[in-house]
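Number of protein chains: 2
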Amino acid sequence: MVDTSTLARAYLHRLEARDWDTWSEMLHADVVYTTPHSRERWHGRHAFLSFNRSYPGEGHLQEKWILGDAGRAVLWFTWTVGDGRGDAQAFLTFDEAGMITEVTEFWPEPYEAPARPAPATVRY
Amino acid sequence: MVDTSTLARAYLHRLEARDWDTWSEMLHADVVYTTPHSRERWHGRHAFLSFNRSYPGEGHLQEKWILGDAGRAVLWFTWTVGDGRGDAQAFLTFDEAGMITEVTEFWPEPYEAPARPAPATVRY
Chain A
1 MVDTSTLARA
11 YLHRLEARDW
21 DTWSEMLHAD
31 VVYTTPHSRE
41 RWHGRHAFLS
51 FNRSYPGEGH
61 LQEKWILGDA
71 GRAVLWFTWT
81 VGDGRGDAQA
91 FLTFDEAGMI
101 TEVTEFWPEP
111 YEAPARPAPA
121 TVRY
Chain B
1 MVDTSTLARA
11 YLHRLEARDW
21 DTWSEMLHAD
31 VVYTTPHSRE
41 RWHGRHAFLS
51 FNRSYPGEGH
61 LQEKWILGDA
71 GRAVLWFTWT
81 VGDGRGDAQA
91 FLTFDEAGMI
101 TEVTEFWPEP
111 YEAPARPAPA
121 TVRY
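Chains as they are written, first to last, in my numbering: chain A, 1 to 124; chain B, 1 to 124.
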């Protein structure tokens, strides 16, 4: 059985290291990368690699949570790019050989808390 | 060992059913609920219950992914409120008795895709 947690951790470390050769080796040739909040999708290893390789700024990624099951893994990580920082979540699907076939990723933008009927006990 | 996936599914179903009694029974009295994108935090079962109970609009939640390990679970679900819809992710921590001690939840807001050096192959 594929150890999806270990693979997901390697995926993040190689991305952080910008080790494009070993990172893209993990991807199925027909991998699909989707960012639902912006309704964008990249088809294929080459398009996904180009997206990451050309992403502007010096980004850094740090693991918070990794959970895996037989064919899937979830990554919750923090990112910093220049003075910006935040959380992101990636949902990875693997084939039986352990190749990544799908990545759906969320990069929630910070927003001002609205008025709430039951307000937060802490704002930070 | 606590079956965190099953508990996470029950958590979502009870929330969807607005079954506040059985939903809040799953929460540790000192549960902490955090929404990092808006930098808000609610301390305690009562505050978390009040937040959900008073949340405006008729919301509906539907499971997409649930993954669990020994003491944690991740929920990826879709929500609809009126004409609005989107994805959200919850990261749940359990104590040894299976009570939920922490929930960190992301509700990514949609945003317009910026210009990209390597544009998406599909916009949807």
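If you're looking for bench data, these hints aren't it; they were derived computationally from the structure.
Small disclaimer: the values here were computed from a predicted structure and weren't measured.
Hints may be right or wrong, so weigh each one.
If several chains are the same, the list does not tell them apart, and a pair holds so long as it fits within one copy or across any two.
[As the list claims (entries may be wrong)] In silico EDC-like pairs for lysine to aspartate or glutamate, Cα to Cα no more than 16 Å straight-line:
1. K64 - D30
2. K64 - E102
3. K64 - E25
4. K64 - E112
5. K64 - E16
**Within, between, both or neither, where K64 and E16 count as close if Cα-Cα is 16 Å or less** = Cα proximity of K64 and E16: one copy only (14 Å, versus 28 Å across).
**Request:** With 16 Å as the alpha-carbon cut-off, assign the pair K64 and E25 to within, between, both or neither.
**Result:** Classified as neither; 24 Å inside a copy, 28 Å across copies.
**Item:** Identical-chain pair category, K64 with D30, by Cα at 16 Å
**Value:** neither (28 Å within a copy, 22 Å between copies)
**Message:** With identical chains, the pair K64 and E102 could be close in the same copy or across copies; at 16 Å between alpha carbons, which is it: within, between, both, or neither?
**Reply:** So K64 and E102 pass the 16 Å test across copies only (14 Å; inside, 21 Å).
**Prompt:** When no copy is named, should K64 and E112 be tagged within, between, both, or neither for a Cα gap of at most 16 Å?
**Reply:** Answer is neither: 24 Å inside a copy and 27 Å across each miss the 16 Å cutoff.
In summary, the structure is inconsistent with hints 1, 3, 4 from the numbered list given earlier, while agreeing with the others.
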